[in-house]
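A.B. asks: Terminal number for the sequence shown in the numbering used here: 637, no gaps in between.
One or more hints might be untrue.
[Stated by the list, open to error] Keeping only pairs whose Cα atoms sit at most 20 Å apart, straight-line, the calculated EDC-like set for lysine to aspartate or glutamate is:
#	residue 1	residue 2
1	K349	D311
2	K383	D416
3	K524	D467
4	K388	D311
5	K82	D47
6	K368	E400
7	K40	D99
8	K114	D180
9	K602	D562
10	K602	E587
11	K605	E561
12	K635	D539
13	K353	D311
14	K556	D581
15	K205	D88
16	K138	E400
17	K177	D539
18	K423	E400
19	K138	E203
20	K609	E450
21	K113	E149
22	K322	E203
23	K597	D539
24	K609	D555
25	K338	D467
26	K556	D467
27	K540	E203
28	K113	D47
29	K471	D416
30	K48	D99
Quick caveat, the hints were computed from the structure, so don't treat them as lab data.
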Amino acid sequence: MKKILTLTLLAAMSIGAFAQTDANMGIIPAPVSVTKKTGTFKLDKTVILVSADAKNAKMADLLNAYIVTKGGFSLRELKASGSADRAIIITSAGADQLPAEGYKISITDKKMTITGRNAGLFYGIQSVMQLMPDKQNNQILINAAEISDYPRFKYRGMHLDVGRHMFPVAFIKKYIDLMSQYKLNNFHWHLTEDQGWRIEIKKYPKLTSIGSSRNGTIIGRHPGVGTDNTVYKGFYTQDEAKDVVAYAAARYINVIPEIELPGHSSAAIAAYPELSCFPDKDTFVDEKTPWSGSRKGKQVQQQWGVFDDVFVPTDNTFKFLEDVLDEVIAIFPSKYIHIGGDESPKEYWKQSEFCQQLIKKLGLKDEHELQSYFIQRIEKYINSKGRSIIGWDEILEGGLAPNATVMSWRGVDGGIAAAKQDHDVIMTPGGPIGLYFDHKQSSSADEPTNIGGLAPYWIAYAYDPMPKELTADQQKHVIGVQANVWTEYIQTPAKVEYMVLPRMFALSEIAWSQVARKDLKNFSEERIPVHLARLDKTSTNYWVPAPFGQSDKTLNGEDFNIELKAPLPGAKIYYTLDLSRPSENATLYSNAIKVNVPKGQKRVLKTIVITPGGKRSVVTETILNNGAPDVKAK
Numbered sequence: 004m005k006k007i008l009t010l011t012l013l014a015a016m017s018i019g020a021f022a023q024t025d026a027n028m029g030i031i032p033a034p035v036s037v038t039k040k041t042g043t044f045k046l047d048k049t050v051i052l053v054s055a056d057a058k059n060a061k062m063a064d065l066l067n068a069y070i071v072t073k074g075g076f077s078l079r080e081l082k083a084s085g086s087a088d089r090a091i092i093i094t095s096a097g098a099d100q101l102p103a104e105g106y107k108i109s110i111t112d113k114k115m116t117i118t119g120r121n122a123g124l125f126y127g128i129q130s131v132m133q134l135m136p137d138k139q140n141n142q143i144l145i146n147a148a149e150i151s152d153y154p155r156f157k158y159r160g161m162h163l164d165v166g167r168h169m170f171p172v173a174f175i176k177k178y179i180d181l182m183s184q185y186k187l188n189n190f191h192w193h194l195t196e197d198q199g200w201r202i203e204i205k206k207y208p209k210l211t212s213i214g215s216s217r218n219g220t221i222i223g224r225h226p227g228v229g230t231d232n233t234v235y236k237g238f239y240t241q242d243e244a245k246d247v248v249a250y251a252a253a254r255y256i257n258v259i260p261e262i263e264l265p266g267h268s269s270a271a272i273a274a275y276p277e278l279s280c281f282p283d284k285d286t287f288v289d290e291k292t293p294w295s296g297s298r299k300g301k302q303v304q305q306q307w308g309v310f311d312d313v314f315v316p317t318d319n320t321f322k323f324l325e326d327v328l329d330e331v332i333a334i335f336p337s338k339y340i341h342i343g344g345d346e347s348p349k350e351y352w353k354q355s356e357f358c359q360q361l362i363k364k365l366g367l368k369d370e371h372e373l374q375s376y377f378i379q380r381i382e383k384y385i386n387s388k389g390r391s392i393i394g395w396d397e398i399l400e401g402g403l404a405p406n407a408t409v410m411s412w413r414g415v416d417g418g419i420a421a422a423k424q425d426h427d428v429i430m431t432p433g434g435p436i437g438l439y440f441d442h443k444q445s446s447s448a449d450e451p452t453n454i455g456g457l458a459p460y461w462i463a464y465a466y467d468p469m470p471k472e473l474t475a476d477q478q479k480h481v482i483g484v485q486a487n488v489w490t491e492y493i494q495t496p497a498k499v500e501y502m503v504l505p506r507m508f509a510l511s512e513i514a515w516s517q518v519a520r521k522d523l524k525n526f527s528e529e530r531i532p533v534h535l536a537r538l539d540k541t542s543t544n545y546w547v548p549a550p551f552g553q554s555d556k557t558l559n560g561e562d563f564n565i566e567l568k569a570p571l572p573g574a575k576i577y578y579t580l581d582l583s584r585p586s587e588n589a590t591l592y593s594n595a596i597k598v599n600v601p602k603g604q605k606r607v608l609k610t611i612v613i614t615p616g617g618k619r620s621v622v623t624e625t626i627l628n629n630g631a632p633d634v635k636a637k
């Protein structure tokens, strides 16, 4: 009897129908509760928009502007409605009884009421925008429902590295817009690196005149095949940074600056060589200028990786860093200042006569405790300014600074250890957990140059940021979760978008939604297609998923019946079975693909998805194997 293998149909229906059948009504991240009711609210130009509180006027304008874009009409804005009016009502009445950042939406055939205050009301407006299907016959029909919502974690972050490659202020604002639409509330702006210093510091102009420029950028993946020999430079002025901070604040997003120390500091050292710990004992002068002359003319690092040169822990260095932090604190009102603390080599400290003398003087055990001294001294200064530090989990080594918050990036162990020491923790692990969005999104050879790893959105979606190893009291210290975007291999805004979408959707759901509300099938098959279809109508780039129903694993059998579905409405699937690369010139998928594979042979199904907006997926390959000797299981 021949073995018949059928790949199941996974998705269906048009974009207009998705939100009407979806239990979450198309909203990402999934709300705490959604109860559908009978009836439909008909949104057309006869509806009025009611907001009695002047403090909510900007929210009303935000929603009305979206309705203009979505429906082609605007609503009259009034302070009250009559009993016979069909109205959208924006109110803060009773919102003080809601959890922090919470909101409620009540939809009947006559009224839509959005209740919340400040961030909560803003998030309610975002959910209402997501509820709206496309216009039909000059109206937008929205299912009656009761929605109650609030976040699981108070810290919901996205990171962006601009040290390796920087991006225009206009794109930084677009990045912030995307975050706000998915209820993320902390933008971690990685501003300094070995390969470039990106924030203006007026007291130290060489940080940008020298430290923001490098003579070339690596070609290809690490270790690369040389550099492009093209000068790369740029930085954000303080006025530009203040503009970004204000723009983010209007969207309830806090901007956290990162100033790396004591490692990842080659750009600063290139500008001010006296900050170096280069172990040139012959040029040792005194504590203020320990390695005079040996670093003059040093170039900003061209290569990616970790470099031995780090800040020397002298009074002169600390005065420099305090001056820098004074200007940073004046720009960024954030409670948190990120000080890095990761990947700081100790070799030069080991070889440094000054550092070894300092270790003895302070009664420290080793260079790890010297780093702890360095971090604690900086923390004490930042605390004196009314701020707190965040550091990567290496700041655990040698003893945590008293009030530090830890970002756990090398897996989850650092976060667990910090929480057990009663320190606040933000979980941001890469590797197999999938919160490093610079990793590739599929195993296809078509994925653009990247740092490696494999982190499709469903891996991040499966992650629960709350470690089960912690007690209830310790869990209170896990304040949130963040995804990171390092840009060694990301040169353009379009590539940033490609790398973060749709993975940002998964992050938003694990950061906001209750665990019981997570449902990968609903998320992948009903809500992501709606949101990608909306993106497809804009200039925003994104990663186009493979066809639903196709696996990139080797399938064994003789007869195959392969049913596929496009991952977003209106997209087309093209395929080949002759080993050629599929394009729009290949066979257009319309019905199940039936393949017979003779014994001892294989066939390779290759597909590509092309969206209505012309965006293309990578080529996905499925090996159909019937005992071919050269096939290895995947």
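A.B. asks: Find the hints from earlier in the document that the structure breaks and name them by number, from lowest to highest.
C.D. replies: 2, 4, 7, 8, 10, 12, 15, 16, 19, 23, 25, 26, 27, 30
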